[in-house]
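So the sequences go chain by chain: A and B.
Residues 1 to 554, numbered by our numbering, are exactly what the first sequence covers, in order.
Residues 1 to 440, numbered by our numbering, are exactly what the second sequence covers, in order.
Each hint should be verified, as a subset may be incorrect.
With a cut-off of at most 25 Å between alpha-carbon atoms, the simulated BS3-like pairs for lysine-lysine come out as follows [unchecked claim]: (1) B:188 / A:356; (2) B:61 / A:356; (3) B:400 / A:178.
It should be emphasised that the hints constitute simulated quantities derived from the structure, not laboratory data.
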Amino acid sequence: MRVLPNLQHSRRSLRWRLFGSMLLLTAILMSALASGLFLCGRFSSTKKETAQTLALQMEVFERDMTSYWEKSAVLSIHLSQTITELLEDYLAKQNIPFSHLTDSPVHIAGLQNHVIGSLCQSLRQSDCSGAFVLFNATVNSHIEHSELSRSGLYLQKSGNEIADDRLLLYRGLADAGKNYGITPHRKWRLEFQSDLFPNYEELLSHAAPPLETAYRITDLFTLPGTSEQAVLMTIPLIGKDGTIYGLCGFEISQSYFKTFHTQPTNLSRMVCLLTTGTNGILDAEVGLSCGVSNGYYFAPNGNLSVKNLGGGLTLFSGASNSYIGVLKEVFLSYRNQTLVAAVLIPKEDYDNAIIKSIMQTALLVLLLLFVTLVCCFYFSRRFISPILKSLAKIKSENRDGEISCIMEIDDLFAFLDEQDRAHERALAALTQEKQEAQNEKERLQDAFDRAQEKYESAQAQISRLAYDRKQEVDPADYQQFLRGIDTLTPTERKIFSYYLSGKSVKDILAIAAIKESTLRYHNKNIYSKLGVNSLKQLLRYAALMQQDENSRNP
Amino acid sequence: MKKLFAWMLILFCMAGLSGCNSKTTLSPDSPVALTMWHVYGEQADSPMNRLVDEFNQTVGKEKGIIIDVTVVTNSVSLGPQLLDAHANKPGAPSMPDLFSCFPGIIKQIGVEHVLDWQDYFSDEERSHFVKEFIDEGTVEDHLAVFPVSKSSYTLFINGSQFDRFSAETDVSYADLADWNGFFDAAAKYYEWSDGKSFCAFDYLLHNVEMDALARGGSLYADNGWYDFENPSLRTAWTRFARPLVQGHISLSNPYSSTQLTTGEALSGIGSTAGILYFNDTVTYPDNTSEPTNLRVLPLPKTAGTTGIMPVTGVGLSAYQTTEQKAEAASVFLHWLTENQRNLEFVTETGYMPVNNGAFDLIDTYSFPRESDRELYESIKTMRDTYTPFVQTSQSDFYDKANRLYENLRQILPSLHQRAVQGEDLTRLTDETWNLFRSIQ
Numbered sequence: 001m002r003v004l005p006n007l008q009h010s011r012r013s014l015r016w017r018l019f020g021s022m023l024l025l026t027a028i029l030m031s032a033l034a035s036g037l038f039l040c041g042r043f044s045s046t047k048k049e050t051a052q053t054l055a056l057q058m059e060v061f062e063r064d065m066t067s068y069w070e071k072s073a074v075l076s077i078h079l080s081q082t083i084t085e086l087l088e089d090y091l092a093k094q095n096i097p098f099s100h101l102t103d104s105p106v107h108i109a110g111l112q113n114h115v116i117g118s119l120c121q122s123l124r125q126s127d128c129s130g131a132f133v134l135f136n137a138t139v140n141s142h143i144e145h146s147e148l149s150r151s152g153l154y155l156q157k158s159g160n161e162i163a164d165d166r167l168l169l170y171r172g173l174a175d176a177g178k179n180y181g182i183t184p185h186r187k188w189r190l191e192f193q194s195d196l197f198p199n200y201e202e203l204l205s206h207a208a209p210p211l212e213t214a215y216r217i218t219d220l221f222t223l224p225g226t227s228e229q230a231v232l233m234t235i236p237l238i239g240k241d242g243t244i245y246g247l248c249g250f251e252i253s254q255s256y257f258k259t260f261h262t263q264p265t266n267l268s269r270m271v272c273l274l275t276t277g278t279n280g281i282l283d284a285e286v287g288l289s290c291g292v293s294n295g296y297y298f299a300p301n302g303n304l305s306v307k308n309l310g311g312g313l314t315l316f317s318g319a320s321n322s323y324i325g326v327l328k329e330v331f332l333s334y335r336n337q338t339l340v341a342a343v344l345i346p347k348e349d350y351d352n353a354i355i356k357s358i359m360q361t362a363l364l365v366l367l368l369l370f371v372t373l374v375c376c377f378y379f380s381r382r383f384i385s386p387i388l389k390s391l392a393k394i395k396s397e398n399r400d401g402e403i404s405c406i407m408e409i410d411d412l413f414a415f416l417d418e419q420d421r422a423h424e425r426a427l428a429a430l431t432q433e434k435q436e437a438q439n440e441k442e443r444l445q446d447a448f449d450r451a452q453e454k455y456e457s458a459q460a461q462i463s464r465l466a467y468d469r470k471q472e473v474d475p476a477d478y479q480q481f482l483r484g485i486d487t488l489t490p491t492e493r494k495i496f497s498y499y500l501s502g503k504s505v506k507d508i509l510a511i512a513a514i515k516e517s518t519l520r521y522h523n524k525n526i527y528s529k530l531g532v533n534s535l536k537q538l539l540r541y542a543a544l545m546q547q548d549e550n551s552r553n554p
Numbered sequence: 001m002k003k004l005f006a007w008m009l010i011l012f013c014m015a016g017l018s019g020c021n022s023k024t025t026l027s028p029d030s031p032v033a034l035t036m037w038h039v040y041g042e043q044a045d046s047p048m049n050r051l052v053d054e055f056n057q058t059v060g061k062e063k064g065i066i067i068d069v070t071v072v073t074n075s076v077s078l079g080p081q082l083l084d085a086h087a088n089k090p091g092a093p094s095m096p097d098l099f100s101c102f103p104g105i106i107k108q109i110g111v112e113h114v115l116d117w118q119d120y121f122s123d124e125e126r127s128h129f130v131k132e133f134i135d136e137g138t139v140e141d142h143l144a145v146f147p148v149s150k151s152s153y154t155l156f157i158n159g160s161q162f163d164r165f166s167a168e169t170d171v172s173y174a175d176l177a178d179w180n181g182f183f184d185a186a187a188k189y190y191e192w193s194d195g196k197s198f199c200a201f202d203y204l205l206h207n208v209e210m211d212a213l214a215r216g217g218s219l220y221a222d223n224g225w226y227d228f229e230n231p232s233l234r235t236a237w238t239r240f241a242r243p244l245v246q247g248h249i250s251l252s253n254p255y256s257s258t259q260l261t262t263g264e265a266l267s268g269i270g271s272t273a274g275i276l277y278f279n280d281t282v283t284y285p286d287n288t289s290e291p292t293n294l295r296v297l298p299l300p301k302t303a304g305t306t307g308i309m310p311v312t313g314v315g316l317s318a319y320q321t322t323e324q325k326a327e328a329a330s331v332f333l334h335w336l337t338e339n340q341r342n343l344e345f346v347t348e349t350g351y352m353p354v355n356n357g358a359f360d361l362i363d364t365y366s367f368p369r370e371s372d373r374e375l376y377e378s379i380k381t382m383r384d385t386y387t388p389f390v391q392t393s394q395s396d397f398y399d400k401a402n403r404l405y406e407n408l409r410q411i412l413p414s415l416h417q418r419a420v421q422g423e424d425l426t427r428l429t430d431e432t433w434n435l436f437r438s439i440q
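Make the full structure from the sequences, and use the hints.
Here it is in structure tokens:
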């Protein structure tokens, strides 16, 4: 605390004082700016902005998903109704019960030929990568593992291009496909295997009308024989009498989802996940994912632990990658199934954004500081230089014709010039006065010397006269005079001193404030005591007495 | 004070210049994403996709490159898809940054639109690759298509079924060494199986080509299509067309691998890369199944000749966009074509390596499946004894070939029916020849 006073009282140059003051002013202004930014929340804006951006992206993704899955649900319901009608129509025409399909290659082929057209149409109308219908029947119940084998059709779109309307037969009779120009998939199989069908038992056990609440989205699974992953939107085939004939629905493959659900965003890297649930852990490998419209797509892998960061952000930590994002439940109609959507950006991007923000602020501060220092240095120098020059000029006493271009300095120069001139005039006057005084002194000295000479001459004369008078005075009278002085009363002594000091009678009357009669009375007594007859004699004896005293005490 | 400012200025300059030292345009903090279309593992478990995943998790992560495979298709479909994308046709996706491609497609796209790999691979680096493959990918002095893998054709057989057929007819694998024995076996199988096709051909024309070449004469006309004035071509065509209309052999629809899987054909002739798509089991219409027991034999040759080994296969091209993407594409391609990786990749996909070093390693490679080992034995046999022939990469060749196949598929059922009814086979094969000639 004593530093500032010390600094204030330390002896420093004018330039340093100005530089310091300017620096102090800048520091105060920057502190005010920083406080303002802090109060306005600028320092925490990266987190806030990220949260806002991700929330917006989540809203877009959520709407996209809700719309997409509800549309798929509607198409699934229509597909179920259509296939069920076709199935029952076929059974009615063939006059066989549903159970007779098993072990009947003819009827199974007939049924597949009967429904494949509608299945193709539904698939082409949908925004899905595949469509299937699975019957609770098998062409051959006598082979090993036939209990797991289910007849049906599974069609897939050949590619993810809008213009490509070719279809592939993933499951089903190859001949049924050929009639519609559908070639077998490279990993074709005749029938479904229920143990490889996701959630098969659960789906059948929960199959019940009404269809509006009967659709389900399966877990993500790998399509057998391929590396493609997909989820199925399934719905049961429920007959008029409530018989569950099987399942049908649509396939949404990961590549198809990724192609058609890229999210519009300004973020350079973002990935959106859609899974069927989390429990403190987000398993990135059981959900569908998509990237962003700028082409970025990099699917997270493995389990991501979920941790709330506050401010609407969540940290998703994985073994190899971590993300920052938002998590939200997506509800479909009738809320018969909840999906969980996650919008994620790589944590490095978030960290980089924060670092960038800090760096920008730091750089700004450094830049301001640098500019401030330079400005303070430059302006203090520029401001002080003419003053220092002027001071130097003042010191050099040679500022004739100097114009500083600074009004105050020029005024000061004018004032100093005026002062100089006044001083010169005063000096001239004093010099003259001094000369006159010198002359007077010399004149007075001469007069003094003459007076001294006169005085000494007079003094000698007095001495001669006193000697002469003393010779004239009777020594006995004089001795009586000297003795009589001691007999004088105080009043008489006072009046005697007045006479000795040269006072006239008139003066004594005024000084002593006495009447003339009184004075005469005192004079009579004095004369009597001193043995004199007149004032003249008294003054002569007094002069002798003083001369004697002076001679004793020169 | 002046010194202080001078130091501050120096520090600022150093901070500003510190980012200018590196020449790379790549940064792990700001990864560049490259879309990729390829042909390795369509509708199956794609080895290329696994490699891409590995790259993304390792080198890509380290350097800031993300390869995103958006289309996995086949070499025949890829060309038209690329041309549609390049032409911005409605519904066509955007042009990928990296794509498998035949040189002929590059001619149509325009060589100026793709990277010249010579700018990214030094002479010394290029010398490690098979020279013929590098030359094949060079279009107008640009190395526009970098060889990643090459394939040939082999004969794939359902071993389980063939063993039963062989046991009852005395037809052996050795009989399939030349086309004479092959077609005899096809006829016998047709009879034995009550009318099933012995072999499905993926690319019938290429087999006709090999037979015609073996017989002599020019193969291609100036327009890149066939020289129909060459009598050898007609002889070869007739040789294949006759069993085709008889039903002894068939055209794949679209691939022989599926026809083996469904039991429709006993064997198939197609690209060596087809091995990736053959299923382990054959499933018959009654849902009974058996192990495929896949056997792989060299392509039958024309009797009395040394045999001709077709060499085909797409390479990798990169669309010309940004300098950063070009560098990223180069990093990926260098990584992909390293000796050991190239070897592992081609052996998984049924291709021949393009790297001399990888070729050398193949003899000592341990194959995971017997069929893979047999495939590379067949390739080795053909490399050692056949004459290699690099097939045309003319841009519209496959378009014409596909039109021929489509037309043949439409008329073959009726031709076969007529053959069964005893109509003159020469007349029927002439009809197919006329159809062939009509494609221009």
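| Do the alpha carbons of residue 61 of chain B and residue 356 of chain A lie within 25 Å of each other, as the hint requires? | At roughly 21 Å apart (the allowed maximum being 25 Å), residue 356 of chain A and residue 61 of chain B satisfy the hint.
| Pairwise hint evaluation, residue 356 of chain A against residue 188 of chain B, where the allowed Cα distance is 25 Å at most | 77 Å, violated
| request: Mind checking the alpha carbons of residue 400 of chain B and residue 178 of chain A for me, to see if they're no more than 25 Å apart? | output: Answer holds: residue 400 of chain B to residue 178 of chain A is near 23 Å, not above 25 Å.
Checked against the numbered hints above, the structure violates only hint 1.
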